Amino acid sequence: MTWNPDSDVVEVARGPEPGGLGGAYRVFGETLRGLKTSFMRVVEGTHTVEYPEEKIPVYPRWRGRHKLHKFEDTGLEKCVGCSLCAAACPADCIRVVAAENTDENRVSGGERYAAVYEINMSRCIFCGYCEIACPFDAITMGSDFELADYNRSDLIFTKEMLLAEPMVRTPLRAEGE
Amino acid sequence: MTALVAAPLGAVNYAEPWWAQLIKAFLIFAIGFSLVPLVLLYERKLLGRFQNRPGPNRVGVYGSMQPLADIGKLLFKEQFKPRGAIGWLFVAAPIISMVAALATMPLIPFSNRPQDIFGTPVGLYGLDSEIGLLIFFAFSAIGSYGILLGGWSSVSKYSFLGAMRGAAQLISYEAAQGLALLGVVMTTGSLSLSAIVDQQGDQHVWFLVPQIVGAFIFFVATLAEINRTPFDLLEADSELVGGFMTEYGGGRFALYYVAEYVHLIVAGAMFSTLFLGGWHIPFWQGAPGFIDPFVVLAKTLVVVSVIIWIRATLPRLRYDQLMSFGWKILLPLATLNALVTALFVVAPWS
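Chains as they are written, first to last, in this note's numbering: chain A, 1 to 177; chain B, 1001 to 1350.
If you are wondering where the hints come from, they were derived from the structure by calculation, not from laboratory data. Please note: incorrect hints may appear among the correct ones.
[Unchecked claim] Pairwise CB distance ranges, derived in the manner of DEER restraints: (1) B:Ile1142 / A:Gly15: 57 to 63 Å; (2) A:Lys55 / B:Lys1081: 44 to 50 Å; (3) A:Phe28 / B:Val1340: 54 to 60 Å; (4) A:Ile56 / B:Thr1335: 40 to 46 Å; (5) A:Gly23 / B:Val1205: 28 to 34 Å.
[As the list claims (entries may be wrong)] Covered by chain A, per the in silico footprint, the following chain B stretches (three or more residues, Cβ under 8 Å): (6) 1079 to 1087; (7) 1145 to 1159.
A quick note: this is a predicted structure, and the numbers were derived from the prediction, not measured. Note that CB positions come from ideal geometry on N, CA and C, so glycine has one too.
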């Protein structure tokens, strides 16, 4: 039944009237159809991911716990303590205190380095702006999302924690998966 | 001690010592109570499968301790009572409900052959009465008192509504349930449950085939009698909070819950006794006697699974639909079924 714009009468498709013998027959048929539908769910099997034992791999662009990076060849930190990440952070959860590199104590590749680098994970909203703001790719978002803890003070991640290679707790989805 | 031998009961003619009957009474209670957590877990697992999820699987191996955890939680909770509730009725109602449910357990015959246990012949049933079916109906009617009194005595809108719905629903479906069985009773000529099963063995066909209409009506009416979906208007979680058990908590709620699942088991066993040939296995006449109870249990499991299947499928009926279905469809159909069966029973050509 196609709509004819020239016609003044709009036809409406209606289902059969409820009640009566036909209604009872249809109810019976529809009940059997429903029983079949729910039985097919048993045949289909379960879709549950049993979380603590089994984890859904995260995508490469997933924004999880932050990581700070070092140069692979020299072992110097990439972070130069410019505080752009702290400026970009909408939740104001990053604290950077910069200090000068000296010849005896060279920590980063630039002139200055981050003497203190803290991220308060209880405030972080995982927006990823710090990663975008960073001119040296010193901070990136990792894949970990299991960050719950019993104390708020334990959720302030220091520079050492962010620099350390995290335990692989979250499977990462391979390219194209 | 020969003076204390109990008189032969019902269709099976042999005497049983009084202590055997005491042990049997205890056993039926124990088995009935231990079947409840099993069915509880089975229902939750199966219902999960119907929804593409595995069901409870955290407590114990495959969730096997889940019902114990549930029951333990309920028993350790505070048993509160609403202010203004009618005290002794409020306490008595769940007990009435559960006693009435458990009282129907011994009626289920598991075998007609007395088993020789340590030299004593023991019948595999609690009570093989000549009026077994009547006792079954009597106790399911008493069970509805537990629901009515519970809803009424807790002085709450939702409880009261649930109880009133329960009163109407149970009374109207009891009529159809009873009439649906008239065909079976007339064909057998007895109200004894073991005689009904024997008749199905003698005529080599289960009552499900000649009494298909009666079986359908009995099944649907039983769903209503044991408050299962789509007839769970007494509880109606989404509209009446919890119906008649709204104000119950802790152990008293557990009693209602246990009664509900005993009803489910008894309904399955009753249906398999009346329509699925009890302990008879099709095309196998010489089955050994010890197998009989397991056959009955297997058939019960099948019926219980179907009831759970229906719960996973159908939504709750509207109240007026429930009433018109009971009075306008089931009752006339049951009457017609009884009439036609009566014609065939007395017909000169048969």
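To see whether the hints hold, each was checked on the structure:
One distance hint, 57 to 63 Å for the beta-carbon pair Ile1142 of chain B and Gly15 of chain A, is violated here, with the actual separation near 44 Å. The hinted window of 44 to 50 Å between Lys55 of chain A and Lys1081 of chain B holds, with their beta carbons roughly 47 Å apart. Look at Phe28 of chain A against Val1340 of chain B: about 20 Å separates their beta carbons, and that is not inside 54 to 60 Å. With their beta carbons about 58 Å apart, Ile56 of chain A and Thr1335 of chain B fall outside the hinted range of 40 to 46 Å.
Restraint check, Gly23 of chain A to Val1205 of chain B: a C-beta distance of roughly 33 Å satisfies the suggested window 28 to 34 Å. With 0 residues bearing a CB less than 8 Å from a CB of chain A, the region 1079 to 1087 of chain B misses the requirement of three and the coverage assertion fails. For the region 1145 to 1159 of chain B, the proposed coverage by chain A is not satisfied: 0 residues have a C-beta within less than 8 Å of a C-beta in that chain, short of the threshold of three.
This entry does not satisfy hints 1, 3, 4, 6 and 7, going by the numbered hints stated previously.
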